[in-house]
Each structure stands twice: as C-alpha cells, then as structure tokens.
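The primary structure of each chain is shown beneath.
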Amino acid sequence: MTSRILFAGFGGQGILFSGKQCAKTGMQLGKCVTWLPSYGPEQRGGTCNCSVIISDEDIGSPLVNTPDILIAFNAPSFDKFEPKVVAGGAVFSDSTLISKKSERSDISAYTIPATELANEMNAPKLANVIMLGYVIAKTNIFDFDYFAEKLTASVPESKAELRELNKKALLLGYNYAE
Amino acid sequence: MAKVLMKGNEAIAEAAIKAGCLHYFGYPITPQTEIAEYMAKRMPKVGGLCLQAESEVSAINMIYGAAASGTRCMTSSSSPGISLKSEGISYIVGCDLPCVILNVQRGGPGLGGIQPSQADYYQATKALGHGDMHLFVLAPASVQEMAELTCEAFDIADMYRVPVLILADGALGQMMEPVDFDTIKKRDIPEKDWAACGHGGKRKKNILTSLFLNPEELENSVLARYEKYKKIDENEVRCEQFMTEDADIVVVAYGITSRICKSAVTAARAKGIKVGMLRPITLSPFPAKELKALSETASKFLTVELNMGQMITDVKLAIECSRPVEFLGRTGGSMMTVEDVLAKIEEMGGNK
Amino acid sequence: MSVVFKKPNAMSDVPMHYCPGCTHGIVHRLVAEVLDELGIEGQAVGVAPVGCAVFAYNYFECDMIEAAHGRAPAVATGVKRTHPDNVVFTYQGDGDLAAIGTAETVHVGARGENITIIFINNANYGMTGGQMAPTTMLGQVTTTSPYGRDKNIQGHPIHVCELMATLDGVAYAERVAVNDVKGVRATKKAIKKAFQAQIDKKGLSIVEILSTCPTNWGLSPVEALKFVEEKMKPVYPLGVYKDTTGY
Numbered sequence: 001m002t003s004r005i006l007f008a009g010f011g012g013q014g015i016l017f018s019g020k021q022c023a024k025t026g027m028q029l030g031k032c033v034t035w036l037p038s039y040g041p042e043q044r045g046g047t048c049n050c051s052v053i054i055s056d057e058d059i060g061s062p063l064v065n066t067p068d069i070l071i072a073f074n075a076p077s078f079d080k081f082e083p084k085v086v087a088g089g090a091v092f093s094d095s096t097l098i099s100k101k102s103e104r105s106d107i108s109a110y111t112i113p114a115t116e117l118a119n120e121m122n123a124p125k126l127a128n129v130i131m132l133g134y135v136i137a138k139t140n141i142f143d144f145d146y147f148a149e150k151l152t153a154s155v156p157e158s159k160a161e162l163r164e165l166n167k168k169a170l171l172l173g174y175n176y177a178e
Numbered sequence: 001m002a003k004v005l006m007k008g009n010e011a012i013a014e015a016a017i018k019a020g021c022l023h024y025f026g027y028p029i030t031p032q033t034e035i036a037e038y039m040a041k042r043m044p045k046v047g048g049l050c051l052q053a054e055s056e057v058s059a060i061n062m063i064y065g066a067a068a069s070g071t072r073c074m075t076s077s078s079s080p081g082i083s084l085k086s087e088g089i090s091y092i093v094g095c096d097l098p099c100v101i102l103n104v105q106r107g108g109p110g111l112g113g114i115q116p117s118q119a120d121y122y123q124a125t126k127a128l129g130h131g132d133m134h135l136f137v138l139a140p141a142s143v144q145e146m147a148e149l150t151c152e153a154f155d156i157a158d159m160y161r162v163p164v165l166i167l168a169d170g171a172l173g174q175m176m177e178p179v180d181f182d183t184i185k186k187r188d189i190p191e192k193d194w195a196a197c198g199h200g201g202k203r204k205k206n207i208l209t210s211l212f213l214n215p216e217e218l219e220n221s222v223l224a225r226y227e228k229y230k231k232i233d234e235n236e237v238r239c240e241q242f243m244t245e246d247a248d249i250v251v252v253a254y255g256i257t258s259r260i261c262k263s264a265v266t267a268a269r270a271k272g273i274k275v276g277m278l279r280p281i282t283l284s285p286f287p288a289k290e291l292k293a294l295s296e297t298a299s300k301f302l303t304v305e306l307n308m309g310q311m312i313t314d315v316k317l318a319i320e321c322s323r324p325v326e327f328l329g330r331t332g333g334s335m336m337t338v339e340d341v342l343a344k345i346e347e348m349g350g351n352k
Numbered sequence: 001m002s003v004v005f006k007k008p009n010a011m012s013d014v015p016m017h018y019c020p021g022c023t024h025g026i027v028h029r030l031v032a033e034v035l036d037e038l039g040i041e042g043q044a045v046g047v048a049p050v051g052c053a054v055f056a057y058n059y060f061e062c063d064m065i066e067a068a069h070g071r072a073p074a075v076a077t078g079v080k081r082t083h084p085d086n087v088v089f090t091y092q093g094d095g096d097l098a099a100i101g102t103a104e105t106v107h108v109g110a111r112g113e114n115i116t117i118i119f120i121n122n123a124n125y126g127m128t129g130g131q132m133a134p135t136t137m138l139g140q141v142t143t144t145s146p147y148g149r150d151k152n153i154q155g156h157p158i159h160v161c162e163l164m165a166t167l168d169g170v171a172y173a174e175r176v177a178v179n180d181v182k183g184v185r186a187t188k189k190a191i192k193k194a195f196q197a198q199i200d201k202k203g204l205s206i207v208e209i210l211s212t213c214p215t216n217w218g219l220s221p222v223e224a225l226k227f228v229e230e231k232m233k234p235v236y237p238l239g240v241y242k243d244t245t246g247y
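Note that the protein sequences, when read in sequence, are chains A, B and C. For the first sequence, counting from 1, position 30 maps to 30 in this note's numbering; every step adds exactly one. For the second sequence, counting from 1, position 269 maps to 269 in this note's numbering; every step adds exactly one. For the third sequence, counting from 1, position 113 maps to 113 in this note's numbering; every step adds exactly one.
There's no promise every hint is true.
The list that follows gives simulated cross-link-like pairs (lysine to any residue, SDA-like), each with its CA atoms no further than 20 Å apart [said to hold, decoys possible]:
1. K192/B / P84/C
2. K202/B / L38/C
3. K201/C / L51/B
4. K205/B / K7/C
Now the in silico label distances, taken between C-beta atoms and shown as ranges [said to hold, decoys possible]:
5. M127/C / V46/B: 51 to 59 Å
6. C32/A / E320/B: 34 to 42 Å
7. E191/B / N9/C: 24 to 32 Å
8. E347/B / P83/A: 21 to 29 Å
9. G39/C / R187/B: 50 to 58 Å
Honestly, the hints are just simulated from the structure, not real lab data. Because the structure is a prediction, the values reported are computed rather than measured. Just so it is clear, CB atoms sit at the ideal spot from N, CA and C, and this is done for glycine as well.
Construct all of the structure, not just a fragment, from the sequences and the given hints.
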C-alpha cells in the first residue's frame, strides 16, 4: 500500500513538522518513506508545503502532485491543491482558516476547526497536531496509540511539559471525528 | 545503528564525518547551507573543523591546502558557487590531489533560482576547470545514496588521487528519507607519501605544483593523469538498470529525475509498454558500454533531465547515434511529473 | 680552513631565474637562514605565489605548494588548520597579495591565522613585464600606466602594512627594505620575528619588503637600489605598524 500525502499552508503552522512526524513514524514501522519540502527564501509566513509518501514498496518520485490525502491549513493551498486530489482520495481542511468546502463528489472532504480548538486549549501552535489526530481517526494511516507514543517521544527532554499537551491535542483531534 | 530520517544534505555531511573527513571549508549558498550548518555543529564535537571562508574561491583554495597536506577534506556549494570554485578545482586536478566537492544544483544561468536543477551537467562532466582534465562525478538518487556515495567519494579520491564531485540537486538535498550508515563499506587507501606536511628531515621535500613550462613535461604529466582516468574508466563506472532486459524503450535519467522516471516506467509497464531505465550513478566516466549494449536490443532511447538537454549528448555518443534519442526536460527549477514522463513514453509508442 | 659563509641548508642548490639586481634572491636567502636558525625546515610548508616568485618551490628545501594567483593565504590556511604544528608561510608579490588576492589577505588577517606572509613590494608586476600593480606609486610609469599613475584614472596605491595593522587578528606587521646592508639585516630580524610569532601562536605575521625590479623599472641594479631609497621609502615608510607579540 502507498499513501501519498500533501501538507500545505503557511510557514510557521507546523506544516513541515507534521509531514516529518508522519514520515518518521512510517519509517519506524519499517515502511519506505520520503519527505520533500517546497523550499524558498521565506522562513515564516510564506506559503509552504511538503510531500510525504509512506509505502510498502520502494518509492520512485518523492513529489506528490496528485495526493491521496491533502491536508490544507490555508485557503490558497486548498484552492490550489484540492482539484488535484486523486479520485477516492481525501481532503482535510482547517475550517477556522478555510471557509470554502470541497464540491467534489469523488473524494471525501473532512473539516475541523483545528486552529479554534487549539486556541481554546491555549496551545495555538498545536493546531497541526489536532489535525493529525483527526486525520488518523478518519484514514487509519497509523495506529493512534503508536503515533501518540512516537509523537511524545519526539518532544525533547528540555520541553517535557509539552509532551502531555501534544498528546492532549492529538486526542482532541482524534475524538473530534466521533 | 537503526535507520534515521535525514535530509540529503545532512546525510552527506554526516557520511563525510563517518568517512573520516574532519575538515570542511565552505561558504553559505542555498540550497546546500544545511551542510555548513551541520558541519559547524558537529565538527567541534568530533575534533574536527568547519571553517566558513570569505568566498567560494577561498574555500576551494583552503581545500587545496588541506588536501595538499594530506588531509581528507570537503567543500560544498551550489551552482554559482561551483563556478567560482572551478579555478581552484583545476589546480587541484593539476596537482593530483584528493578531495570531495559537492554541487547541490540550482537553476541558472547567472544567479538563477534556488529550485532543483540539473543544468550543471556539462560543467560537471566536461569542463569544471580549465585544461585537459576530468573530474570523477557521482550522482546519487536517494538520501541513502547521498550517504553511501559520499563515503565512496572519499575512498575513490584517495585511491586515485583525484577530486571527486558529487552532483546532487536541491530536491535531493532538501528531501528526507531513512538512512542506514551501517551498510557503508570502506576501501584500503594507499599512504599519502606525496603530501606537503613537513618532511621532518626524514625524506626529500615534496613539491605540489601544476606549473610545467616545458611542454614535454606538461604533456607527460597530463598523459600520466589520463592513464589514471583509463583505470578509473575500467574499474569504477556504475549504473543501475531497471527493467531493461526486454525493454524496447530505454529511459536514461540520473539523480532526482531518475526517481520520477522509475515511477513512470513502472506505470508504463502496468500498461504493457516494454520500457526500462538506465540510471548512471557515475556521470564521468559515463556508462557508455552499458548503453551501447542496450542499443543492440532497444529501438529507442529517451533522456529525461532538469535542463535543456545535456546528458543526451553522452547518450547519443554512447550508442553512436544508432537509435533515435528523444528528450524530455524542464528547466529553471520546475520538475516534470510522473505523468509527463509516462505521456512521453506512450507518445514514443514502443512495442507491447 | 673554516667556512665563514655558505648556502643555508633550507635553500636548494640550484641556479635562480631572477634578473640581475633583483632582490628576490636576497629575501629567499634570508627566509632560508631563518628556517635554519629556528630549526624548522622539517616542519615548514611554503606556499609559492603566481608572480616572479612562482618558482620559489624550487629554491626552498622544505615542502612547497604552488598556489593559484592570489590564493596563497587560503591555501596556507588549509595547511595550517589541518596541521597546526607545521610552520606555514606564503611568499607573495604585490599583484598576488594586494590585487587579485586582497580578500584572502585581509581575511587571514581578520581570522588571525597563525601563518607568516613574506610580501615583496616592488611596485609593479614583474613576471608579466612591468604592468601597474596595486602598489605602483602616483606618477610611476608602467606599461599599463604609460603616462604615469594618475589618481583620477588608476586610483591610489595600497599601503598593505597600514591596512593589515587595522585587523585584530594581525600580531605583527612590519615594512622593511633590502636596498642596503642595514636594511637586509633589519629584514632578516623582521622575518625571524614573524616566524617566531607564528611558532608562539600569536596570530598572523606579515613582513612587507620593499624590493627592486631593475629590469622593468628600466634601471641598472645600482640605480634600482637608489629608487627604493628615494622614491619608494617616502611613499612606503619603513617601520613596525603593529606588534602585539610582546617580544
């Protein structure tokens, strides 16, 4: 099986981190993975996306032009990439930041007010983690507990207090799906 | 050691350190700056040195000095910076010094862009420096290969006393894949009794120079170097063949484009088209014999590059123009998609 | 019979290619004498320039590297940083050091590289036949300033010791001249001090030596010595421009 995921939004929203966490978890599960960022002179605030492929087989092109799963964190990204999602694929969007909804009938469209939920739990930087919890619930690309374990383990010792917070955010997104 | 998820640029840097390269000289330029940053962080912890030079020109000349004194060393840059290094590279060739140079290519000419490109193929394989010379050029296509070929590069450099160029691109440099450093092999390296590091009163002085005003002497020095190139040609050419056994169309691509082509070949096979791919791993020397052999059975060739058509010349020469060679390319930093390559393969027909 | 004068051990027993009356030979000898006296020939690595001293690697008995034009300080950096126990020196002319290699020169000074620069200032490009150098003086005629150097056209000469003295990493910068016996003795003292500063890891040491170029100046050897005295010294005053060695 091969999952081709595109994460897109603004720099600073944790786009690259989200993609990296998925690639890393895939690797730890013994799968072939690639992570390819769009890179540019912008460090913060510019458009940003990354392609992640998780596969049971060797991966050819690391570019995801037509994703199985699109995870969009801003309207320009949604507008640009939603039409490119393959038939039968899924688009996830942060409804706090993207008012538009997918009108395609050949893909599954899921929305979650990730930014709003993150603000409510007083952790505005964890909207991406809330989104990941939601994506896992809807797609089953990872086992929730396994992903949660790897996510908390990736938080450095020096920021141990963030471990629980990350787990809480992930669970919040996961439970939102029910 | 377990596999680690790393950027291509970081994998090269770590592999260099693992290969015993404890001296790095560089100058920042996108998209390879991670290497200098990684080296700056890691080198002091392993007793090494990362020195940021005042220019690419100085960086390559620091490499010249370090290599001349017998030290494993490397420098890295991206296209415009490599042009600046070309003078020093020629001198390094002229003194038969081993070192590793990395070009994480970006689009050009001029300042160009910072997105992935393969537009420096001609420069790398034909003329990275003035004079009768070649570099040994390696082209990795995955982060694992970025690591493996970096270690190989140091060994080949030392074995033959040649500078080795690793020709990568922005996509390979920036992408992450799992890397296993345990698979990396090492070769036996001859002693560097030619180095200028102080004779200590124990031997005659060593002189490292590329200056030979007597034409006969210069000719002999170049001839000796070309004898060496011949050995490299016999022993070190490498390529990967993918589904070429019965292929009617052979795609030729290296580096990041070979990844795109591999997916396209797989997709075309699923449609019943007899297509395969040859991926040069060494660009100089070029796997000409292997291509020539394929031209006996294949009817068409397709080169896919992130430029306006450079390696295609070598493909045509390799098969002595005995078969049509078509080209698909993007330039300036844009990349072709798997679908683009698939469409081109379908357009070329090919026996099912 | 006792030997009272002989070739220094660090000097090769080969004929030199320098023109009659050129002072490169004197400076070579002084460097070799210092290598002998400090007992460092075996540790020494010399870096030759592009310019008249391009064949310097044939004249010293220590390990030698021939650098590209202007790049000797960067090459020396590469040697020194990977072999801190070597004694590394460059031997450069004015075009090499103060035109094409200005950046390399300034930055070894800024970094305080523990190397020694022997800098020959003869106010023109000798090897290529007497063109204007960065140290060619105002009014001085060369083949590329045939009407005399004009500040409005070719700009002003560079004062290297003064420039290098502004850099924090420079431990020792002195300008000397080899146009008379007194000057030769002072030059040797300066060269020895410069090498000692390197051995003691004090930072960059540079000795600028006002030298003759009778062939390209169109003067006899004797007139050339006078030219250094009368024309060059007023523009390039001798002296210690920086000294933090504490010797």
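Right, here's what the structure says about each hint:
no.: 1; hint: K192/B / P84/C; result: 18 Å, holds
no.: 2; hint: K202/B / L38/C; result: 18 Å, holds
no.: 3; hint: K201/C / L51/B; result: 18 Å, holds
no.: 4; hint: K205/B / K7/C; result: 17 Å, holds
no.: 5; hint: M127/C / V46/B: 51 to 59 Å; result: 43 Å, violated
no.: 6; hint: C32/A / E320/B: 34 to 42 Å; result: 38 Å, holds
no.: 7; hint: E191/B / N9/C: 24 to 32 Å; result: 27 Å, holds
no.: 8; hint: E347/B / P83/A: 21 to 29 Å; result: 25 Å, holds
no.: 9; hint: G39/C / R187/B: 50 to 58 Å; result: 39 Å, violated
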